[in-house]
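Protein chains in written order, with my numbering: chain A, 1 to 351; chain B, 1001 to 1337.
Derived from the structure by calculation, the hints contain no laboratory data. Mixed in with the good hints, there may be bad ones.
Cβ-Cβ distance ranges computed for the label pairs, FRET-style [claimed, not checked]:
1) B:Pro1073 <-> A:Ile30: 34 to 42 Å
2) B:Pro1324 <-> A:Arg269: 40 to 48 Å
3) A:Gly329 <-> B:Thr1296: 57 to 65 Å
4) B:Gly1275 <-> A:His170: 34 to 42 Å
5) B:Gly1275 <-> A:Ala15: 28 to 36 Å
6) B:Arg1033 <-> A:Asn295: 44 to 52 Å
We treat Cβ as the ideally placed atom computed from N, Cα and C, and that holds for glycine.
One-letter residues, chain by chain:
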Amino acid sequence: MSIAQSTHEDRGGPAQPLLLVQDLKKHFPIRGGLFGATVATVRAVDGVSFAVRKGETLGIVGESGCGKSTTARLLMRLMDPDSGSLVFDGEGVGQNTQTGGLALKDYRRQVQMVFQDSYASLNPRLPIEDSIAFAPKVHGVSDKEARSRARELLAAVGLAPQTFARRYPHELSGGQRQRVNIARALALQPRLVLLDEPVSALDKSVEAQVLNLLVDLKETFGLTYLFISHDLNVVQYISDRVLVMYLGEVAEMGPVDAIYERPAHPYTRALLASRPSMTPGQRRTEPPLTGDPPNPINPPSGCRFRTRCPHAEAVCAERKPVMAEMGGGHVAACHMAEPGSGHSMAGRLAA
Amino acid sequence: MSEVLERPTVSEAATTPLVRMRDVGVTFVTRDRTVHAVNGVDIDLAAGEVLCILGESGSGKSVTMRALMRLLPRFARVSGRIEVAGRDVTAMDEAALQDFRGSDVAMIFQEPMTALDPVFTIGRQIAETVQRHEGLSRAAAEARALELLELVQIPSARRRLAAYPHELSGGLRQRAMIAVALACKPKLLLADEPTTALDATVQIQVLLLLRKLQEQLGMGVIFVTHDLGVAGEIADRVAVMYAGKVVEEGPVEAMMRGPLHPYPRGLLGATVHPGMRGKRLTTIPGAPPSLDTPPTTCPFAPRCPEVEPACLEEAGPAPRRPVPGRMARCVQVPAAG
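Extracted from the complex, chain A is given alone in its bound form (with noise of 0.2 Å):
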């Protein structure tokens, strides 16, 4: 099957990751005033770096506006960074080929994106077989070539072609939906698929089935995955490492099992806890954390999230923390995970 094999070589070798994320920065101006003069910012990302190692799954986690659907379309490039850069598998994304760049239109065609919301990413007029064909037109494949691709990722994704081809996106329920979005992104044979909240529209049995659907997916078209949720429990099923983002910047970052049995952040150690117990015996009876996320404008100084941690101090307002290194790639942007930070707790976490 031609669509079994990825047509873009693995350029860098396995060392290399697929992609390289450094210090990617977004401001959204708010405007206002009589002149429409820059009032505030909101500083939706905020100096993110990281890599994506080829192969693995990396998840995201974080509440609503921490960054992390703005950081998946900066990714995408469907906006442009205030700051910041891209390396894909070695190459500076939207830099100059000459001199070892790669174009912004190669590298698109290499990165795909899934969206949380399945009926409104498809074109309510086309038949779902021409929305999948049409990314591969776009990009110079026939029109019996695309239509037979096509089909054939539609099996993939477990909707029998005979039946649903010539169907509209409104004929199909939600987690049909969100299996055409995903044939759609890997119609163009990407290496890399970007996915934002694709199951959280998804009743729970359905999001199963689109779980299991993007494990069997992975291994057969060898992709990587950037999966970007809020559901902990999910992001723990799915993913290699994990990323956790709080108010525009990474809190913490670590493979998967270090990050849900060792948490070194508070906030992280918070979100872990305020998930429902499956137990109804064992309830809890103060929530792991008060208030909501602040808003991203004006974020506080130093850590940003002294203001909702319970072992805040002095230095924790003064400066900002440094990613401290936790061994094994875990590391944490927290005082307290430093030793000689000058929190009186430093350093008694990474021991």
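Go by the hints and put chain B onto chain A.
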């Protein structure tokens, strides 16, 4: 806390349940099609009890709640008996309904921004409810509004009275909506997915608040959710709905430990828990039935992994009660014995 908001000292007669729904059906009839959304639901709720109605989208859980409060559109046909605190809800006229809603029953919704009026302050919306139902003066009603905002743990409550809904964060808005609902000390609170749109750290705060208020005010609560974890956190009893029927009902602990009916069993298996990494998730194949015709036999049979010929024979199927307090509509569950 003021005395007006304390638990009523006169307890309800233990014999009459707060809510009694018998064979309730709801059919939506339009020119194009007829949808049998709810097909024979029996629900009992004791005073001071929390019942979670659990189900996926289209299972009829929200429609059942709206039928209980007579909030359905005109083209909805409601059948069966619905009693709240001994009063027949189906027989009420418009004036009786206006008194009934707000003072006996109140409802909170998933999206506070659409439930609150954007052009009135939070304080005014609460005070208005109290003035309308209890005939208090404006000043007294505003004092009550302040008390209520403190009750739902809104920080700097006095200042927040003058806030418009758009000036509050999602969590505070949800608390404000709860304050409006509790304004007249309802005996019954209906909650339709009130925490679904909230962030994880805020959701747990609102759940704990609701549980605390329920205990403090001695309200009965019917809580609609699709999230098993939320049910585990707040419910005393759970009723699982599928295709407009309650397929299983029982105490939350027993239900979560070992569901009797294959549908909640499948749901539990399909819900991602910690520690399932690398294992394949069990799924429920297929999709819920179309409700253009009312189900006659077991509606779950086409998707059930344990289906047998008897499933397609028995109408209903009739409820079985293998242990006191638990019910399941499945032919494989032994009847009382």
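Which of the stated hints cannot be reconciled with the structure, identified by number in ascending sequence? none
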